[in-house]
Amino acid sequence: MTETLNVSASASTDPKPAPPGNDAKPAKGRSLWSDAWHDLRRNPLFVISAVLIVVLLVMVAFPSLFTSASPTVGDLTHHYQGKPNYSHFFAEDWFGYDTQGRSVWARMVYGARATVLVGVLVTLFVTILGGLVGLVAGYFGGWIDSVLSRITDIFQGIPFLLGAMVVLTTFTEGNVWVVITALLFLGWTQIARVARGSVITVKQSDYVHAAKSLGASTARIMFRHIVPNAVAPVIVVATTALGGYIAAEATLSYLGIGLAEPTVSWGVDVSAGKDGLRTAPHMLISPAIMVSLTVLAFIMLGDAVRNALDPKSR
Amino acid sequence: MGRYVVRRLLQMVPVFIGTTFLIFVMVYAVGDPVNAMFGDRAPDPATAAQLRAEFNLDKPLWQQYGLYMGKIFSGDFGNAFNGQPVTELMATAFPLTIRLALVAVVIEIVIGLVLGVLTGLRRGRPIDSGVLMLTLVVISVPTFVTGTVFQYLLGVRWGLIAPAVSPAAPLGQLLLPGLVLALVSLAYVTRLTRTSIAENSRADYVRTAVAKGLPRRRVTVRHLLRNSLIPVVTFLGTDVGTLMAGALVTERIFNIHGVGFQLWQGIVRQNSPTVVGFVTVLVIVFLLANLLVDLLYAVLDPRIRYV
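Just so you know, the protein sequences line up as chains A and B, in that order.
Positions 1 to 314 (full-length UniProt numbering) are the ones given, in order, by the first sequence.
Positions 1 to 307 (full-length UniProt numbering) are the ones given, in order, by the second sequence.
The hints are simulated quantities; they were obtained by calculation from the structure and are not laboratory data.
Values in this document were obtained by computation on a predicted structure and should not be read as measured data.
A hint or two may mislead.
If we take Cβ atoms under 7 Å as the criterion, some of the chain A residues that face chain B in the derived model are [said to hold, decoys possible]:
| id | residue |
| --- | --- |
| 1 | Gly157 |
| 2 | Ile158 |
| 3 | Arg278 |
| 4 | Leu296 |
Computed far set for chain A versus chain B, every beta-carbon distance over 10 Å [what the hints assert, rightly or not]:
| id | residue |
| --- | --- |
| 5 | Ser31 |
| 6 | Val55 |
| 7 | Leu132 |
| 8 | Phe140 |
| 9 | Ser205 |
| 10 | Val208 |
| 11 | His209 |
| 12 | Leu309 |
Using N, Cα and C, we set each Cβ at its ideal position, and we do this for glycine too.
Make the full structure from the sequences, and use the hints.
Okay, here's the thing in structure tokens:
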């Protein structure tokens, strides 16, 4: 599923019509970034996704603000898989209890940490690794490009979820780092392709030729001139991909080989909830809602950022 | 055209070798298949040595790979660890998954194109924003959630359909699994078509066609849609491979014993010959689908010529 997400993330551009009126016209001398920021602030998609993400980050940092219940302490005197009580906002039984009598709401709150950690770190590593491969391939061209592009093709030939599963089965424990390694292993190719394309475009700019003729070193040209100007498409794809990695973590857990107890994560709860679906659907649905909302937030953010950075949409 | 196809087929060779070698290394070198056969117990050394010799596991890795590939091209994919030939598993699994993937692709194309054209021609109207928002939601909800929820509601709660697919898997029973499998790609097809149609609807040839007095339908279908299909076809080509592997989740939910099911079993039980064999076939399917897409470009856009 992530794969489809990845493939078309760069292709599905949806330029919003530029808002009418003079104030929408970019003032002269404004940079791409301040211009984009100007655009973003008035995009409802961005505002919604930003609010969702801020709430999520607060949840990650201070889970105790949202619930006083513990995610790991179960009390079997609560009803086994007790039904949710949707009118008890923020109470322990808001989303019911799981098989161990633990509050599902508390696990939804505390589960954000592992899941978001996986998403953010995978995105970070993938961007660094894929970005470097793309930068080197795009900048040097020639046989270096051919070799790196073929290697990218090879890694891309293996379906994402499948490769991650194979990597995961070679480890015996399911902690956060293992899952990050598995997702990183095949995830970098998408960023590498986008970065390479972007670097090749930027490389032909006049300022790069100017820097070269002034005798700037290769490293300086690459990191001072090319990277800042080629990074925009990479950021867009990475933002959308972040949501995809969070969904992938949950999917792997659903298949029974992602994170595992004692880690508190949405994926773990999803995989525990699937067996009791018929008698206690809330155990699967509640963490699934959190996953979906998070993925939605990052996809909307990616969409909004793409629209803001795409000059064609103005 | 013939030369182009030959050149493309030759270019596929290194990628094919690389990808199969990579999966081979991942499965055979990182895990220990012989240990996996014995579960948690340590195997008897003599038995283990005999098995290693039988599966060529005592040779260096590149040699193992060479021997394996040699056998594959004579149609011998080896035996799964329970002694069943992998080809036998494939013979039952692939027809099922191909049927499922076909159902999914048809749903994607029909619904995706219709929605894409409708919204692309009505940019900024309520129907456009509504469908756009809906695609975002569909993309965000993981497949295992849509699958289990549909199965629970339609199959268990309301009893409208059979909650699991029978071994024969008639087409009627594959409709819901096919829809679940297609849903995320469907959203992407819709968005791609919409963008492409919206871009092309301002093109000169559309204006000319309208000015000629052609009926609206004909302008949309023959002129606008045909020219807007290239990005969609590209996406569908890469999607075929994804669908076959994405069936991992869908097939598990609906108990379809296809490729995804066999792969899942192979991976979880570390049944290496099954995994490597199935992935090898999937890689070939993936590469051929991409070639087919490139050839389709020429059909869609006569300006594209292959020499």
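Cross-check of the supplied hints:
1. Given the 7 Å rule on beta carbons, the hint for Gly157(A) holds: about 4 Å separates it from the nearest Cβ of chain B.
2. For Ile158(A), the shortest C-beta to C-beta distance to chain B is roughly 6 Å, which falls under 7 Å, so the interface hint holds.
3. Hint status for Arg278(A) relative to chain B: holds, with the closest Cβ pair at about 6 Å, below 7 Å.
4. Satisfaction of the interface hint for Leu296(A) is found here, the shortest Cβ-Cβ separation to chain B being roughly 4 Å, below the 7 Å cut-off.
5. Against the 10 Å criterion, Ser31(A) stays outside the reach of chain B, whose nearest CB is about 27 Å from its own CB.
6. Distance check for Val55(A) against chain B: the nearest CB is about 16 Å away, which clears 10 Å, and the non-interface claim stands.
7. Distance check for Leu132(A) against chain B: the nearest CB is about 20 Å away, which clears 10 Å, and the non-interface claim stands.
8. Separation of Phe140(A) from chain B is adequate, the least Cβ-Cβ distance of about 20 Å exceeding the 10 Å criterion.
9. Non-interface status of Ser205(A) relative to chain B is upheld: no Cβ of that chain comes within 10 Å, the nearest being about 25 Å off.
10. Non-interface status of Val208(A) relative to chain B is upheld: no Cβ of that chain comes within 10 Å, the nearest being about 29 Å off.
11. Every CB of chain B is more than 10 Å from the CB of His209(A) (nearest about 32 Å), matching its label as outside the interface.
12. Every CB of chain B is more than 10 Å from the CB of Leu309(A) (nearest about 16 Å), matching its label as outside the interface.
Violated hints: none; the structure is consistent with every hint.
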